[in-house]
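**Q** This is what each chain is made of:
There are 4 protein chains.
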Amino acid sequence: MADKLKVAVVGATGVAGQQFLASLPNHPKFEVAKLAASERSAGKKYVQAITDEKGSVNWFCDEQLSEQYRGMLVEDASKMKVNDVDLVFTAVESDAAKQLEPIYAKEKPVISTASAFRYEDDVPIFIPGVNMEHDELIGVQQKKRGWKGFVTPIPNCTTTGLVIALKPLYDAFGIQRVLMTSMQAMSGAGRSPGVKGLDILDNLIPFIPKEEEKVEIETQKILGKIAGGKITPADFRVSATCTRAAVMDGHTEAAYVSLKKKASVEETKKKMREFGKEFTALKLPSSPKNLITITEDPFRPQPRLDRNAEGGMTTTVGRLRKDNALENGVKFVLVSHNTKMGAAKGAMLVAEYLEKKGKI
Amino acid sequence: MADKLKVAVVGATGVAGQQFLASLPNHPKFEVAKLAASERSAGKKYVQAITDEKGSVNWFCDEQLSEQYRGMLVEDASKMKVNDVDLVFTAVESDAAKQLEPIYAKEKPVISTASAFRYEDDVPIFIPGVNMEHDELIGVQQKKRGWKGFVTPIPNCTTTGLVIALKPLYDAFGIQRVLMTSMQAMSGAGRSPGVKGLDILDNLIPFIPKEEEKVEIETQKILGKIAGGKITPADFRVSATCTRAAVMDGHTEAAYVSLKKKASVEETKKKMREFGKEFTALKLPSSPKNLITITEDPFRPQPRLDRNAEGGMTTTVGRLRKDNALENGVKFVLVSHNTKMGAAKGAMLVAEYLEKKGKI
Amino acid sequence: MADKLKVAVVGATGVAGQQFLASLPNHPKFEVAKLAASERSAGKKYVQAITDEKGSVNWFCDEQLSEQYRGMLVEDASKMKVNDVDLVFTAVESDAAKQLEPIYAKEKPVISTASAFRYEDDVPIFIPGVNMEHDELIGVQQKKRGWKGFVTPIPNCTTTGLVIALKPLYDAFGIQRVLMTSMQAMSGAGRSPGVKGLDILDNLIPFIPKEEEKVEIETQKILGKIAGGKITPADFRVSATCTRAAVMDGHTEAAYVSLKKKASVEETKKKMREFGKEFTALKLPSSPKNLITITEDPFRPQPRLDRNAEGGMTTTVGRLRKDNALENGVKFVLVSHNTKMGAAKGAMLVAEYLEKKGKI
Amino acid sequence: MADKLKVAVVGATGVAGQQFLASLPNHPKFEVAKLAASERSAGKKYVQAITDEKGSVNWFCDEQLSEQYRGMLVEDASKMKVNDVDLVFTAVESDAAKQLEPIYAKEKPVISTASAFRYEDDVPIFIPGVNMEHDELIGVQQKKRGWKGFVTPIPNCTTTGLVIALKPLYDAFGIQRVLMTSMQAMSGAGRSPGVKGLDILDNLIPFIPKEEEKVEIETQKILGKIAGGKITPADFRVSATCTRAAVMDGHTEAAYVSLKKKASVEETKKKMREFGKEFTALKLPSSPKNLITITEDPFRPQPRLDRNAEGGMTTTVGRLRKDNALENGVKFVLVSHNTKMGAAKGAMLVAEYLEKKGKI
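Residue numbers (my numbering), protein chains in the order written: chain A, 1247 to 1606; chain B, 1247 to 1606; chain C, 1247 to 1606; chain D, 1247 to 1606.
Excised from the complex, chain A in its bound form:
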């Protein structure tokens, strides 16, 4: 236990923060040393902090709440000291992240699920196995801001699956344009207020505020080339329509891709299958065996059936076929687990990589 890194989980009482706690017990590299949340929770035992006035324990993960966290005292995130931890995971709203993360980053590495710093020039948005070479920016960031630590956010959960599926195509064939329609799970909207039952039953909601812009910009940045301490965004256009469906977890995305070079369906499938082997060969604790899983079942991927494949850490791609409307077009459907690879577990995998590489 002595050699595990001590981590703080900020925003520990919220849905995203709980996902960290669901995944951290028995982690071979990290141990939870601190829990922090808003002032309202500060000073309470964790289990009390998530118990509401009606007596319900609001723990929302499938995994049981570990005994080791139940009795931990929750600190006030705005007053938390980070000098005695090695790493901070933040899972708070963007406004809070904007305030808190720079304070922590002065001293320690911060891996964040929030969007607050995603669009800063000196901040990489990591997807494990996709753009880890962007870690070059960490030094740039530290130098520019005078921080001993740093901030590295993960992308919006809808971006994650899309970029993972695009990366092998982009590397092998180049991309001209991408059009994507998502059917997103309710858990992506959180719980306060989240999606109302009266709004989603027997229904779909065709708009998620700010989501499409995030997907479009983040995709270009993550697939961008880094050189001289600067990312040049990928030079293809992305267009998204993001909708909400009556699904608990797992974002489904129907993508149309115009490649630069012509490629057969089999060739694109092969590139996807082979993708990320160097990364998965690191056998990081939270890593899937395959970043992409190809399904040949014509009726798959389906969110309920495929979201939990490889612990929610693989992106399942199916219905890969020729698209006749775009030049060198291919189209496919993917399912990515928005609260696993797309959130806390994805952030943990980033941290595991950075630890391995000596950046943490």
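Hints are computed from structural coordinates only; laboratory data are not their basis. Ideal Cβ placement from N, Cα and C applies to all residues, glycine included. Warning: the hint list may mix true and false statements.
[What the hints assert, rightly or not] What follows is a set of in silico ranges between Cβ atoms, one per label pair, in the way DEER data are often shown:
1) A/Lys-1325 with C/Asp-1367: 49 to 57 Å
2) C/Ser-1324 with B/Ala-1527: 36 to 44 Å
3) D/Glu-1512 with A/Pro-1271: 29 to 37 Å
4) B/Asp-1417 with A/Lys-1476: 52 to 60 Å
5) C/Arg-1519 with D/Gly-1475: 47 to 55 Å
Use these hints to put chains B, C and D onto chain A, whose structure you have.
**A** What follows is chains B, C and D alone, placed relative to chain A:
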């Protein structure tokens, strides 16, 4: 009553056939003279034919089953004579349609919801207000086949909304390509076996067999130009991904359109708003006031909230905005009622038009 | 129009208040003269008051929002004068009702959907056709409180269907005990916060705070005998388990009843069928033709299929059969529309009755 | 491996049979030696037998299909020899069970999920930890029928949770009557045809054919006393209303119990908590640590949140409270996993017990 046209409804016991019966009571132009179905139902009173062995009356429409049809005897569709009716509505599976429709069409006009004849050169696929000039093909068909009547199918229910939304854009600006992802209602799959509850709850199914091909081909044919008794399909490419969602009725479609001529969002919206005024001016009994309804609510259209607008006969278009990935791109979301405008009521509106024009 | 009663709708922007507005256009006896809501909405046009910051018009009824109300100014309920109206409908939370209703009732009749006054000795809880003789209490109330008007609430929406089904049994056979398990629609929980999609999909929630007590107490009071200006609660015990299901509208209730006198299934059915004929003979505008509709389909009643029967104003009872566990036991399942008969339209029907009887 | 018992799984391709295969890999006592199904599947590899004509692998369990079963050949159940196995698990429809089980039972023990033999005098219906002393009947059955093996079915999945919750109350206080309303999961209806999506979305179905009778009779038999090779059914009345809800797995049941002796809520809770300790002390491989889990959260148990507690093998009881309508009344809500403890895993636990006791 004397001057109403006598109609036969074939496949009257099925879901699609019931939709005809739901809409025909009190129709100012048509009265139901005959009901037909498979041999199994023949000779029974209608209400008995739809009552199962457990005693449930399997009537699936929101509208009450009209008293006037409850006691009507159901005929065997394969033996039904059409000499004493003026018009036949068919709502049977494609295989049955292939056999039955030519028999009826020898004598009488047949308006069909089945796909059996959609792809024949001499058969128009009508969408009311979109391509009624294709009625020129009726004479060609009669001559070629030696029929006194004719067969005119309506399109697949997923095609209907898409083509209605595209038509004003096509006429005003031309179209280079269309990419569409649908999230379709369960009623489109019928009831035997239809979509299983265990398959669709907390889930989406990303594939509907044969649906994408139908949408792609039918769209080109319906928007094609007719000249010299021949339709030349529209010269743009259509690519579809058709998925099934946990929605009762109403297909939602996210479309991306590359126009030939550049057009602003406001211009495309204007063309959609103005669309079809000549057709709606006919004030046909089943006609909506507007073929397209534009919503400015960013969270609309939603299938549950918008499917029943104008009796399920208008196509609601929302989220009309610029698309940056395609040349002269616009994108939008539409909702179209798959069992109203997309099925029986759409077929009735075709019949009303043809009657008005003296073709029936 | 001159002879219509002028009504004020208080809480007009909420879900329950909207239900009044959905039902009042074209009402032969009532016309809306005032709309009131909280201070936040005061001074706005109605359509603006229900439009949120994202631009969505939050109108939640299936019926279209009538043009006549869109532009009406909303008043502050706490300052509204009632001298120029004849009748007040209130649809606000219990706390607000406790404050507002006495102010209005000083001058005018108040028909309320709130629970604030339900349990006062001098306040009747009306269910149309069940206990209208309790109107004797109105005079008692006015005298005791020195009001020119009065307050008469309708019951909790779960009580309504149960009591309607019990009333003919109680009158004919007497009742020893009633046990009821409800599976209630989400609309009963309103929208703020209402039931979360994440909580109800693929799930049931077995508890609704305070609901069971309301059902138990209200049932006894409504079926109580009035004499000498005092209601003696019915002398049988009621036990309820109230659960929430993934249903939009329509409460389903499984009831077990121990009668005082033995009765066959056919006799109980007959009493239910005959029930309320004097009341329905009044042909009040919102009245169903039958207070109870018996279904013989073994798979009915179902909330989606039966909630809208007779405009949501009839209680559909099915599966009426012998219960072997209770003395003289019968059991059945009922569906009652919680936001129609169980809310605004039920309150309107009460008002129509009282108007007819000269009490308003 | 040499000392594991060889088992045959009959009906291996169906949903219930798959549940056996989901639970048997790595079982310390049993290994699958044979798979059998209908003639249609015979001779195929297992994975082919569950692959449909569209290419979908119809494996319906959350657990992955184990590699060890994928390639096993499926036998024709009607021709399968059992001489080389030690135990047969059957998961077929009642009609097939009636024919097949006696053939197998001539030679070997048959643990069945089917109802075919449940109501025979010499056949015990086992619920693990509840009535294992009914194993006395096995000898009676063998003698009477001249079998070397025997047939012991488990109960209907709705009976299981109810009886487990009743048993400690029955033993400690006696029971006068039980009234129960269930809200059952769709998986209980299987897949052919199962529950249609169009029937269950935004809905409930208040009737499940034959279910209520099964619950009523089986409860009495399972809680009956055995003496002299004969079960005397428990002498209290059970009345059930069984409904279907839009839930994947996990039956929810609201029970009302009239005890013989007065007992406080705390006393009943204590008896439930202490229940079954002798059985769980056996630490059988599929056994939960607690047959009953009491929840104090007023909003629990919920099927989605509680069905998988202890691997789906515990019955979660909540909302235990006084019932005022019955003499010595208590009421509560329970959730029991219908396809785990209520089906295959329950049958396995029975087998594990009988093996331990030397009956297999």
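**Q** Taking the hints in turn, state whether each one holds.
**A** Results for each hint:
Distance hint check: the CB atoms of A/Lys-1325 and C/Asp-1367 are about 55 Å apart, consistent with the given range 49 to 57 Å. Range check, C/Ser-1324 to B/Ala-1527: Cβ separation about 51 Å, and the 36 to 44 Å hint is violated. Hint check: D/Glu-1512 to A/Pro-1271, Cβ distance near 34 Å, so the stated range 29 to 37 Å holds. Between B/Asp-1417 and A/Lys-1476 the C-beta distance comes to about 47 Å, which lies outside the given range of 52 to 60 Å.
Checking the proposed 47 to 55 Å range against C/Arg-1519 and D/Gly-1475 shows it holds: the Cβ atoms sit about 51 Å from each other.
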